[in-house]
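Enquirer: Top line first, the protein sequences correspond to chains A and B.
Just so we're aligned, residue 1 is where the first sequence starts under my numbering, counting upward by one.
Just so we're aligned, residue 1001 is where the second sequence starts under my numbering, counting upward by one.
None of these hints come from the bench; they were simulated from the model.
One or more of the hints may lead you astray.
Unchecked claim - Listed below are the simulated EDC-like cross-link pairs for lysine to aspartate or glutamate, each with C-alpha atoms no more than 20 Å apart in a straight line:
#, chain 1, residue 1, chain 2, residue 2
1, B, K1136, B, D1163
2, B, K1195, A, E115
3, A, K102, A, E131
4, B, K1212, B, D1247
5, B, K1102, B, E1125
6, B, K1102, B, E1131
7, A, K33, A, D67
8, B, K1195, A, D51
9, A, K33, A, E249
10, A, K136, B, E1210
11, A, K33, A, D223
12, B, K1195, A, D85
13, B, K1136, B, E1115
14, B, K1102, B, D1085
15, A, K195, B, D1085
16, B, K1033, B, D1067
17, B, K1033, B, D1223
18, B, K1136, A, E210
19, A, K195, B, D1051
20, A, K102, A, E115
21, A, K195, A, D228
22, A, K195, B, E1115
Stated by the list, open to error - Pulled from the structure, derived: some chain B residues nowhere near chain A, Cβ distances all over 12 Å:
#, residue
23, R1005
24, W1007
25, D1085
26, A1090
27, G1126
28, A1160
29, L1227
30, A1233
Every value quoted in this text rests on a predicted model; they were computed, and no experiment measured them.
Heads up, the beta-carbon is just placed ideally off N, CA and C, and yes, glycines get one too.
Number of protein chains: 2
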Amino acid sequence: MTTDRIWTAALLIIGDEILSGRTQDANLAYLAKWLGVQGIRLKEVRVIADDMDAIAAAVQALSAGHDYLFTTGGIGPTHDDITVDAIAAALGLNVVVHPQAKAILAEYYGENLTEARLRMARTPEGATLIENPRTKAPGIRIRNIFIMAGVPVITQGMLAALDGQLQGGAPVLSRTVAAWTQESAAAATLLAVEKAHPGVQIGSYPFWREGKTGANFVIRSTDPARLDAVAQALMAALAAAGIAPIDGEL
Amino acid sequence: MTTDRIWTAALLIIGDEILSGRTQDANLAYLAKWLGVQGIRLKEVRVIADDMDAIAAAVQALSAGHDYLFTTGGIGPTHDDITVDAIAAALGLNVVVHPQAKAILAEYYGENLTEARLRMARTPEGATLIENPRTKAPGIRIRNIFIMAGVPVITQGMLAALDGQLQGGAPVLSRTVAAWTQESAAAATLLAVEKAHPGVQIGSYPFWREGKTGANFVIRSTDPARLDAVAQALMAALAAAGIAPIDGEL
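Between the sequences and the hints, there should be enough to build the whole structure, so can you do that?
Expert: Structural data, given as structure tokens:
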């Protein structure tokens, strides 16, 4: 029985450029959805600077606390790319040149495989590689840690290479009911419907659009039949409270 | 002498909708830049679920580790808005109805100030309020913690109300030099220039655009004169390495 077991993951985003606001992260939402398909729940994300001690501390906490830890950023060829060294230090492992990674880079760069580029073949000892269809320099798997690139298009290629390879449980499904209402007017109804359906979560997400107020109510469950039943119950309860429900997202 | 002291902040993003990938966070980058203007450095961000224990643990760690902690999300009128309760629990404080917040909501909602809406007047005991020009329900300051909305336009209004009110140090300034090059070709140059200028950081951010490879090299320092000197030194060093430098961002 693996269906009852909940598999969780954390994401560690490494990079001064995210913390300075220069770069808008695009990996979180993509990874979250990808994990959802694998039946793994993203439970925690941290964003930290390119700092050895900060990376090592976060890696220790997050890899111990979750089934899987994904990191993004800091695996390129330049001096500010310290993720591999920091993770190896956190795990008490040496950093080695991975023969297969070196071979991949040698084929790609030919005689231009400089010392800087060879940095991208360094891994914690005992690691396996994650294919990078886009720019070749591979991602790295060590224990339950998946070390990915920071550039979204590269990360997405690496995740495609991992598709279906990680053990997970039942995916969390969602269904949205919406209404043109202030969410505060629906609050009591939402609470009552959620309480009447244990194991189902209902999130309320208000918005303001073209001078009108609305809210999306997102129902989450691993059971599609239950999801449907709760959606029907919520729409009936909203209507009873004088709020016209919409079956779907606004 | 406050100029040598480095002031730091953390951001705690609270919300299942971010972790599920349904909603793309837009507060991190905005807050990061806003903090930069105040002379405060964003050092760490965490994203966690709408979960009492997870919120309390993160609040304790982050408020102790930084001069300021900002939270976003979970302060609305619905049952999944538990941030105030979780933060009060983390600090060992009672939750009270804040008289001033109640007065603000009473003026805004009139006779429609329902129990659900009154939830938005609840604060940890001893808190002060942060003005919300957009939808009135205020943000909350308790000790070094600033409890903000999740909806970006509301958060931005609250930050505007806090503008210039927080003590900070010298803002970190940045200047960008770029080149149409693989960053690996510039790696040795970047390292040499950074090493020759202690206290200055150079980040390297590659990109691929219309089939071409380029990189932005972002120089960061609190000293504008130093920033300029390092930019000149980096451009000269890149040119000496056969890489045509561009003064500015690509």
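Enquirer: Give a verdict on every hint.
Expert: Here's how the hints hold up against the structure:
1. Restraint check for B:K1136 and B:D1163: the C-alpha separation of about 18 Å stays at or below 20 Å, so the hint holds.
2. Taking the CA atoms of B:K1195 and A:E115, the gap is near 18 Å; set against the 20 Å cutoff, the hint holds.
3. Of the pairs offered as hints, the one joining A:K102 and A:E131 holds, with about 13 Å between alpha carbons and a cut-off of 20 Å not exceeded.
4. Between B:K1212 and B:D1247 the CA atoms are separated by roughly 19 Å; this keeps the pair inside 20 Å, and the hint holds.
5. Distance check on the hinted pair: B:K1102 and B:E1125 sit about 14 Å apart at the alpha-carbon level, within 20 Å; holds.
6. For the hint pairing B:K1102 with B:E1131, the CA-to-CA distance comes to about 13 Å; that is within 20 Å, so the pair holds.
7. Simply put, A:K33 and A:D67 have alpha-carbon atoms about 17 Å apart, close enough for the 20 Å limit, and the pair holds.
8. In summary, the hint linking B:K1195 to A:D51 is supported, as the alpha carbons are separated by about 16 Å, within the 20 Å threshold.
9. Using a Cα cut-off of 20 Å, the hinted pair A:K33 and A:E249 holds, with the two alpha carbons roughly 17 Å apart.
10. For the proposed pair A:K136 and B:E1210, the alpha carbon gap of about 19 Å is at most 20 Å, so the pair holds.
11. Annotation: proposed proximity of A:K33 to A:D223 holds, straight-line Cα distance about 18 Å (limit 20 Å).
12. Proximity of B:K1195 to A:D85 is assessed by CA-CA distance (about 19 Å); at most 20 Å being required, the pair is judged to hold.
13. Pair hint B:K1136 plus B:E1115 holds up; C-alpha atoms about 16 Å apart against a cutoff of 20 Å.
14. For the given pair, B:K1102 sits about 17 Å from B:D1085 by alpha-carbon distance, which is consistent with the 20 Å threshold.
15. The hinted pair formed by A:K195 and B:D1085 meets the criterion: a straight-line CA distance of about 19 Å does not exceed 20 Å.
16. Annotation: proposed proximity of B:K1033 to B:D1067 holds, straight-line Cα distance about 17 Å (limit 20 Å).
17. For the proposed pair B:K1033 and B:D1223, the alpha carbon gap of about 18 Å is at most 20 Å, so the pair holds.
18. For the hint linking B:K1136 to A:E210, the alpha-carbon distance of about 19 Å falls within 20 Å, and the restraint holds.
19. Among the hinted pairs, A:K195 with B:D1051 is consistent with the structure: their alpha-carbon atoms are about 16 Å apart, no more than 20 Å.
20. Restraint check: the Cα-Cα separation between A:K102 and A:E115 comes to about 11 Å, which is no more than 20 Å; the hinted pair holds.
21. Pair hint A:K195 plus A:D228 holds up; C-alpha atoms about 16 Å apart against a cutoff of 20 Å.
22. With a CA separation close to 18 Å, the supplied pair A:K195 and B:E1115 stays within the 20 Å bound.
23. With a least CB separation of 18 Å from chain A, B:R1005 remains clear of the 12 Å interface cut-off, as annotated.
24. Every CB of chain A is more than 12 Å from the CB of B:W1007 (nearest about 14 Å), matching its label as outside the interface.
25. In this structure B:D1085 is separated from chain A by more than 12 Å, as the shortest Cβ-Cβ distance comes to about 14 Å.
26. Non-interface call for B:A1090 relative to chain A: holds, since the shortest CB-CB distance, roughly 16 Å, exceeds 12 Å.
27. Chain A leaves B:G1126 outside its interface by the beta-carbon criterion, the shortest separation being 26 Å against a cut-off of 12 Å.
28. Chain A leaves B:A1160 outside its interface by the beta-carbon criterion, the shortest separation being 16 Å against a cut-off of 12 Å.
29. Consistency note on B:L1227: stated as away from chain A, and its beta-carbon is indeed over 12 Å from all of that chain's, at 14 Å minimum.
30. With a cut of 12 Å on Cβ distances, B:A1233 stays outside the contact zone with chain A, its closest approach being about 15 Å.
When the structure is compared with the earlier hints, no violation turns up for any of them.
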